[in-house]
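Here is what each chain is made of, one letter per residue.
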Amino acid sequence: MTENETSAPAGPPPAQLAPVGTAAEADATNAPPGGAGSGQRPPAEDRWSRATKHVEGAPEVHVHVPRPPRWYAVLWSSKKARIGIVMLAFFVFIAIFAPMLTPHDPNDSSFVPVQDPSGEHWLGTNTLGFDIYTQLLFGTRLSLAIGVLGGLGVTLIALLIGMVSGYAEGTWLDDGLSFLTNLALVVPVLPLMMVIVAYSETRGLGLLVFVVAITGWAGHARTKRAQIITLRSREFVTAARFGGDGMLRIVFREIMPNMTSLVVSGFIAASTAAIAAEAGLSFMGFGDPNTVSWGQMLFQANANGALVQGLWVWLLVPGVFLALITTSLSFVNFGVDLLSNAQLREEEN
Amino acid sequence: MRYYARKTGYFLLTLWAAVTLNFLIPRLQPGDPAEVMVRQLTGRDGEIDPTQIEAVRAMLGYADENVFVAYWKYLQQLAQGDLGVSFTYYPFTVGEVIGQALPWTLGLIGVTQILAFLLGTFLGTYAAWRRNSRFDSFISVGSTFLGNLQSFWIGMIILFVLAYELGWFPAVGGYGYTTPGWNWLFVADVLSHAFLPALTLMVTAPIGFILGMRNTMVQELGGDYIRLAQAAGLPDRKVALGYAARNALLPTVTSFALSLGVLMSGSILVEQLFDYPGMGRLMGEATSNRDFPLMQAILLTTITIVLTASFVVDLLYGVIDPRARKSR
Amino acid sequence: MRRRRARLRAAAALLTAGLGLSACATIGITDVPEAPEGMIDVLRLPAEATGAVQGLINYNWLSTNPITSTWLYEPLMIRDEFTCEAIGWLATGYEWESPTRLRIDLREGVQWTDGEDFTSEDVAFNFLMAKEYPAADRGGLWSDLFGAPAESVETPDEHTVIVTFTGSAVAKTDKILNEIKIVPEHVWADVGDPTQYVDTDPVSTGPFVHESYNGRQLTLERNESYWNAENVKVERLILEGQYDANSGALAMRNGALDLYTGDIPNPERSVSRSGVEYYYPPGGTTVLAMNMTRPVTGDLAFRQATAYAIDKEALALRASFGIMDVGSQTMLKLPIQQDQVPEQWRGEEFIPHDPATANQILDEAGYAMGEDGWRTAPDGSPIALVFSVQAGWMDYIAMADVVVRSLQAVGIDAKVVTTDPNAVDSMKKSGEYDMVLDSIGGGCQRSRDLGGRLTTSQIPDGDTILLNIARYDDPEVDQLVEDWSASTDPAQEAGYLSEIVDVYMEQMPYIALQYSPVRLIYREDNAVGWPSEDDPYPTNNMLRVITTLRPPEDAA
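Chains as they are written, first to last, in my numbering: chain E, 1 to 349; chain S, 1001 to 1328; chain H, 2001 to 2556.
Incorrect hints may appear among the rest.
Computed cross-link-like contacts, DSSO-like style, restricted to lysine-lysine with a CA-CA straight-line distance of at most 30 angstroms [as the list claims (entries may be wrong)]:
id : chain 1 : residue 1 : chain 2 : residue 2
1  : S       : Lys1007   : S       : Lys1073
2  : H       : Lys2429   : H       : Lys2415
3  : H       : Lys2429   : S       : Lys1073
4  : H       : Lys2428   : H       : Lys2415
5  : H       : Lys2131   : H       : Lys2429
6  : H       : Lys2131   : S       : Lys1073
Treat the hints as calculated values from the structure; they're not laboratory data.
Hey, can you work out the whole structure from these sequences and the hints?
Here it is in structure tokens:
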């Protein structure tokens, strides 16, 4: 039921085909009705048919009913998504196996500063005495963490507020939540970030996730509200309402599963934005100097004059990695878009 | 009619709430403006000079105000159009300061956004029309990668290569040696100084428009009315531009209008890098200096523009797309 | 094929455009007129106005964003912070006839740029203006901080000014003479509140006059009738652009700037390979301040142990790339002020890095080492110190890091927490901190710079920032500083200094880490005579520097 929302509308199941073992997918309308009871028509021999009712003497007719492709097949069918998935897997691999890929410790600042790349330090050392290659590897962890957690935070808040608001459209609940959303959209981000960061005693992943979630949820909430408004008028929702289900149950048990691919696509977009936001925040100096992240590396590179000292590796490599990880997420999102928008699907092959 | 009345009501309510937030948030930050100001004058490593701090605090005149009294005074002044005197640029008024910075932002970012919009929609349309061709792949992949680059990072590289190494463009400022005025020399000077920041912004700006337009176009092109038009024998280009693109344009224009709010604050890092005297940089400076009047005024300007754009778009939707009105 | 040709053509066009674009960088630039023989044509400096918006013209040095505050209006005297001599500027000398009576002798023959004579009327006007408008009182003449408020100002003749105070005010000398810039009475008398006056056509006494300002670039021309004109060999100054560390370094390397005073990291590698010189003399001492009202940090033994435990050499290396020297615990700028060190401390000015001694002191004081490797306080409670440092200040973070590691090496559990710089200031005001970094001034008004750090009257109260952030409390020291502030006899200076140095060395209220620099980065292809290792003199006063610059050909 769920995956067929976007494909061709289901026609009446052919009456001739008995319920024995028939594939229930609606694409059976493509198959010419064959089988018993209609002896005038010659049984179709083409590979798309397979009758399942056993009739004496009648030739075996096979009705091959194509299943709609599973979500992972759709994802993999897109070349861009494939590349994205491979790249992402690469980063996840680095994040998990970072300690094994380098002999040094990312927090070890005892090395001789400002060394050029060498056998001992593959990317050299920075002005504070850290090994750049090791920091790069361990920075993957923080980027992925902020991507997942930040994206999750944004998506959860957006889902809660956006969906309830959209379902309750026209009522005071919707008005109130929409007002809150609009306010969150226009609140000044930079001073708010500075206030939050100034008042928190420690800086770290938790603070970053909080700041990202607080400042990023509003746009997504608006989108989800719009989506749910279109879905709200479908029959299955009316049926559930008459069945006595409460609002929250309808929203989260009936409607949301139909929006899965859209929610996932939103989550990936939010993750991308969270990683970029962390880079920006760290670059402005709001990051945590005790953790290793690519944004923090860029900040230190800039503050320590990497540009003028000609320390190109320090400056370029974290930036390139940031771009690659966000690009890989965007590519994966191309694939997820195919799941929600079937018209894009036909062309991706 | 109720639709419009309702929308106006919410607009005003949100405006008031935003104004109040703008008043509160700067004052929540720790830090005393006079101390911050004096520290800037003496330098970070300099010793604290309490006498100077006391004098500057007397000059700026914000101390010892009860928050509610200050809020009421602020609302009164706002109603009279008095935005106050900036701390950073004492004794100039906030209006004078913003008046100096606003044209630069409107120029640089307004132009960049419009160019990005035009370029993006054009490329997106063409890519959707020629979907799955090499051009389409190139555009999609290329713009995704470019759009994900951090603007401050690419700006640093552009600055170093084009300004310092090659010397093709000036590195700092909104203009250089010419005198402001409506003469060719000044205009050329401005353009040459704006080129690098604009280039930096243009690397990342069009991606949203390209992909958004492309996807919406593809969705439209799959619609039945398109098949009908093609079956009826209309030429391809007319179908694409005259029908599909026009429908796809509506959501894109919406996002363009809403992106105007990003104008002010989104470009702060790029402006700081190129020493460009725009509103983004002014906002960053006001925030670091705890310059309450200036911060409040800039935020007010930004919010008003965003809310107005959103409001106008909501109204226009009611006019342009009858379906939106009907859903009430 | 056609596509390829089109692409090639596009590439060629781009290249040509690019070559033509080199002209873009210098649109509208007009050649600077050549200066006469023996003069420097032009020096290019960064803009003094730090605001992002630069088109607002205001030369008033009292405002928060003047276009220039260095070159037009001048102070009465300049104190050489190395030798502690006072160099006469608009005044030729001063004397405290008694602790409550200050006489200033003004220079004769000085003229304002509009031809009027500079007289004691002008100076008196400046002092009285500060009384009527406290916002203009930058020297603290009428406030009661660091000394009694002034009572009256008299002008017995055209070149003498007498200021009487309600009590002893000797500690205010340097601020009055160095900080207050003199503006003309005949122009400013009718403007009302001077801090709100927008000065667009300045009448001044300084070495330069404003020639043009296009909203971004300020051109200053040499003042022919300057009282010290024969020593000013620079014909023109151009102030333009705000450069951060990276662009500043690049501009210096390219020759676009002649002078830069910001913080360029690792100048040895960043700039000095391209013919740019740098000179970072000590301006003050960066110190570790420990909260004396808290049990562990308030304990003398703990502070002494900390002083021995910190590896100051490594700290200076990490924080300033080895350019700045380790600071002396006497708080004097060594080796420049070596002869001012009191006799009893000669040879012991620096606390060496000696973890063994630190461990010994801690053991003897009762800080028992636990089994987990961490010490506990004498009363048995665990120690967990927090070092609050300003986020984004890279050198401070490096210093905090070294200090904490040094403490951990002797068994003290400490950690670095970075917070917003303003939050750190709040901590200093409220006293809610264990350890922070601070900077002790190296000025010559030592009763204030060194003494003020230890007196109870300078303990911050939560709203205002004052000097004694460590909350040192000793009535004897209070009395010492009070006497010192009232003393007008230079011969007693050495005695008081010796006593206060005793306090710093024995009580260690603040632990010296490294010297804080007053940076000067300069080029020698347009001018020579800059302060340097070979020719050391303070870099903090540009008026003085400009009078020693000469064209390179003239250098002997």
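Here's how the hints hold up against the structure:
Taken as a hint, the S/Lys1007 and S/Lys1073 pair is honoured in the structure, with Cα atoms around 29 angstroms apart against an allowance of 30 angstroms. For the given pair, H/Lys2429 sits about 21 angstroms from H/Lys2415 by alpha-carbon distance, which is consistent with the 30 angstroms threshold. Between H/Lys2429 and S/Lys1073 the CA atoms are separated by roughly 29 angstroms; this keeps the pair inside 30 angstroms, and the hint holds. Under the criterion of a C-alpha separation no larger than 30 angstroms, the hint pairing H/Lys2428 with H/Lys2415 is consistent with the structure, at around 18 angstroms.
Among the hinted pairs, H/Lys2131 with H/Lys2429 is consistent with the structure: their alpha-carbon atoms are about 28 angstroms apart, no more than 30 angstroms. Using a Cα cut-off of 30 angstroms, the hinted pair H/Lys2131 and S/Lys1073 holds, with the two alpha carbons roughly 29 angstroms apart.
Of the numbered hints listed earlier, not one is contradicted by the structure.
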